[in-house]
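Participant: With the hints as extra help, turn the sequences into a complete structure.
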Amino acid sequence: MKFITVISKEMQIMNKMRIRSQQEKKLTHPFLVIVNKEISDHINSWRFIILIVIIGLTCFGSLYTALTNIGKVVETPGHNNSFLFLNLFTLSDGTMPSFVVFISFLGPLLGISLGFDAINSEQNRGTLSRIMAQPIHRDYLLNAKFLAALVVISIMFFALGFLVMGFGILTIGIPPTPEEFLRVVFFILVSILYVAFWLNLSILLSIQFRQTATSALACIAAWLFFTVFFHLIVNLISKANMPAETASAQQIIDYQKFVLNLLRIEPGRLYNEATTTLLMPTIHSLGPLSMEQIHGAIPGLLPLGQSIMLVWPQLTGLIAATTICFGLSYFSFMKKEIRSR
Amino acid sequence: MSRNIIELEELTKKYGSVSVVDRLNLSIAKGEVFGLLGPNGAGKSTTILMMLGLIEPTSGRIMVCDIDSTRNPIEVKKIVGYLPEDVRFYDDLTGLENLIYTARLNHISVKEADQKARELLERVGMTEEADKKAGKYSRGMRQRLGLADVLIKDPHLIILDEPTLGIDPRGVMEFLELILKLKKEQELTVVLSSHNLHQVQKICNRVGLFVNGKLLAEGDISSLSQKLFSDETFIIEAGISLDSFDEADSLKVAKNMDMLLEKLKNIRGVISINVRDNVLRIGCSGDLSPAIAKIIIDSGAGLSFLHKKEYGLDEIYNRYFEGDANHE
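Top line first, the protein sequences correspond to chains X and R.
The opening residue of the first sequence carries number 1 in the working numbering; numbering runs sequentially from there.
The opening residue of the second sequence carries number 1 in the working numbering; numbering runs sequentially from there.
Just so you know, the hints here were simulated from the structure itself, not pulled from any lab data.
Mixed in with the good hints, there may be bad ones.
Unchecked claim - Below, in silico cross-link-like pairs of lysine to aspartate or glutamate (EDC-like), each with a Cα-Cα straight-line distance of 16 Å or less:
id : chain 1 : residue 1 : chain 2 : residue 2
1  : X       : K37       : R       : D92
2  : X       : K335      : R       : E56
3  : R       : K136      : R       : D86
4  : R       : K133      : X       : D41
5  : X       : K37       : R       : D91
6  : R       : K214      : R       : E10
7  : R       : K136      : R       : D92
8  : R       : K202      : R       : E32
9  : R       : K294      : R       : E262
10 : X       : K37       : R       : E97
11 : R       : K263      : R       : D277
12 : R       : K181      : R       : E122
13 : R       : K214      : R       : E9
14 : X       : K336      : R       : E56
15 : R       : K14       : R       : D66
16 : R       : K30       : R       : D66
17 : X       : K37       : X       : E122
18 : R       : K14       : X       : E122
19 : X       : K336      : X       : D41
Keep in mind it's a predicted model, so treat the numbers as computed, not measured.
Facilitator: In structure tokens:
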């Protein structure tokens, strides 16, 4: 009997503890409270609605061109029909860019628009000092802003990616193989990472500049620099360093690698290399290849693991760039003096 | 817990070589209403922000409720409510939603927060505006909502930075009365900064005068005037009508007048006498009006009025902040 009473007492204590932990569970952590609010702010903002409409329209435009041209691909001689499904994302007839190109073009804009006024708008509206006077760690606000935007972007990209897949299945009638599906998922993850880089850059600038217009302009300037001027500069440098025609093969290879590495400073380049490799299993190498290497290569498709291995450096670079931006913004926000307005 | 809720020791904040707050020593007791007075740029807001741990002091120590706010700002912010200068809310949320958000950041569950927020909105008289978007609020309404926002965490101490700035006179009266009422109900300690003396005078037990980052003086208003004007705390103005000296001889009138002044000077406590157009301005250390009146009447001169004037904050202000007071 004693044994039973002990057990029942234990049970009672356990029950009490369970009730308490349930109560604590109901109490949302302040960090999640901020994340919640930020997400709802994003979703309710006109800015986000406009962007989602633009991105949705362009993606379906590119999907349409891909679908109308996919038949030709099948008819081309020498094409093995494996990974036909991935063509939905990469195929273009020249009139309209493919899905991948659209994302690489609009992704930065999305990241910038979700982050450029993260901190300074809060300061201009005079709400920053009020929030900072609440018992929360200072980095909660920054982390929450980042996380909220990331969640919004992730949901949007996964929704878009899966929608495109769904439409593809409906129209061409071929379901994707598990590997194709995984490749698409990885492609979406890399896209999110790429947008996260631009998001972090814009948050960093939103801490640095007090005016939202200035930080928005600075972000767009950085984006324009990388998309337009960076190539010009690399061209100039590479022309200046062009080896003579008599140079040895090794020298030419070194030179090619040098130019390629210069180009890879641009995050967009890293993103493009990563996504094309993931979506086109026919790509075996991203660097220069000698004729012997090409002849010696076994024609065929890379398995997913190998494709990921191939773009691992690109991924690392993107992650590093994102982390650096985040680290810098973290540092300057923690040092920042919060005054009312 | 010690009696003092705020203790500042040798607090200094420098920007480059400029000291915004210079070796400040101050303690504020529990249950007080303390006014930080000073012109713009005197370092009031900086001091307040340092108390909350939002600005790091260059040197010195700040203890709020026995917690070091430089090292442990979170603990301080749990029990201190802060109303920033020109408080703002999220414009696209209603007043109620704004309050609930703040409450949830303070570890209060949604249900409790809702109940508490409604209760506080009623107490600050904003029930009708609770469901309006905060972007549509007037300044006075924002300030009242701000007070509710500060109180929702059940603070021990509330710090208000220029709470009356930009509100019309009636609104200021109501707002200050509201602060006093809430203070009594919740046994709060209140620290408020202002550059408007009259407003602060009404509700503060004690004030500290700030100029250029230094605390010039602190204490209640009468002890402040004593400190600042050495012993000359009272001014008595006496209007004299010389007609009652009777004599037509102007020389004799002047002689009588001199005798009167001599007698007045001999009263203990009289420090200075100025004569201007038959009005005597007598500076003295205490209330000597009965003695002065008697001497004037005994001298045969007529006393047309006797006016007792105490040094108020205006005089203090003018003396120390000079031109700054004219802006008000």
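Participant: Does K37/X pair with D91/R here, judged by a C-alpha cut-off of 16 Å?
Facilitator: 13 Å, holds
Participant: Can you confirm whether the C-alpha distance between K14/R and E122/X stays at or below 16 Å?
Facilitator: 26 Å, violated
Participant: Next pair to validate is K37/X with E122/X; report whether the Cα-Cα distance is within 16 Å.
Facilitator: Distance of about 13 Å is within 16 Å: holds.
Participant: K294/R and E262/R: Cα distance at most 16 Å?
Facilitator: 14 Å, holds
Participant: Taking 16 Å as the top limit, are the C-alpha atoms of K136/R and D86/R close enough?
Facilitator: 15 Å, holds
Participant: Does the alpha-carbon distance linking K214/R and E9/R stay inside the 16 Å limit?
Facilitator: 13 Å, holds
Participant: Given the hint that K37/X pairs with D92/R, does the C-alpha gap stay at or below 16 Å?
Facilitator: 11 Å, holds
Participant: Does E56/R lie within 16 Å of K335/X when you go C-alpha to C-alpha?
Facilitator: The hint holds at about 9 Å.
Participant: Would you mind confirming whether the straight-line C-alpha gap from K133/R to D41/X stays at or under 16 Å?
Facilitator: 14 Å, holds
Participant: K336/X and D41/X: Cα distance at most 16 Å?
Facilitator: Violated: K336/X and D41/X sit about 24 Å apart, past 16 Å.
Participant: Does the structure keep K37/X and E97/R at a Cα separation of 16 Å or less?
Facilitator: Cα-Cα ~11 Å, so holds.
Participant: Are the Cα positions of K336/X and E56/R separated by 16 Å at most?
Facilitator: Within the cut-off at roughly 10 Å; holds.
In summary, the structure is inconsistent with hints 11, 15, 18, 19 from the numbered list given earlier, while agreeing with the others.
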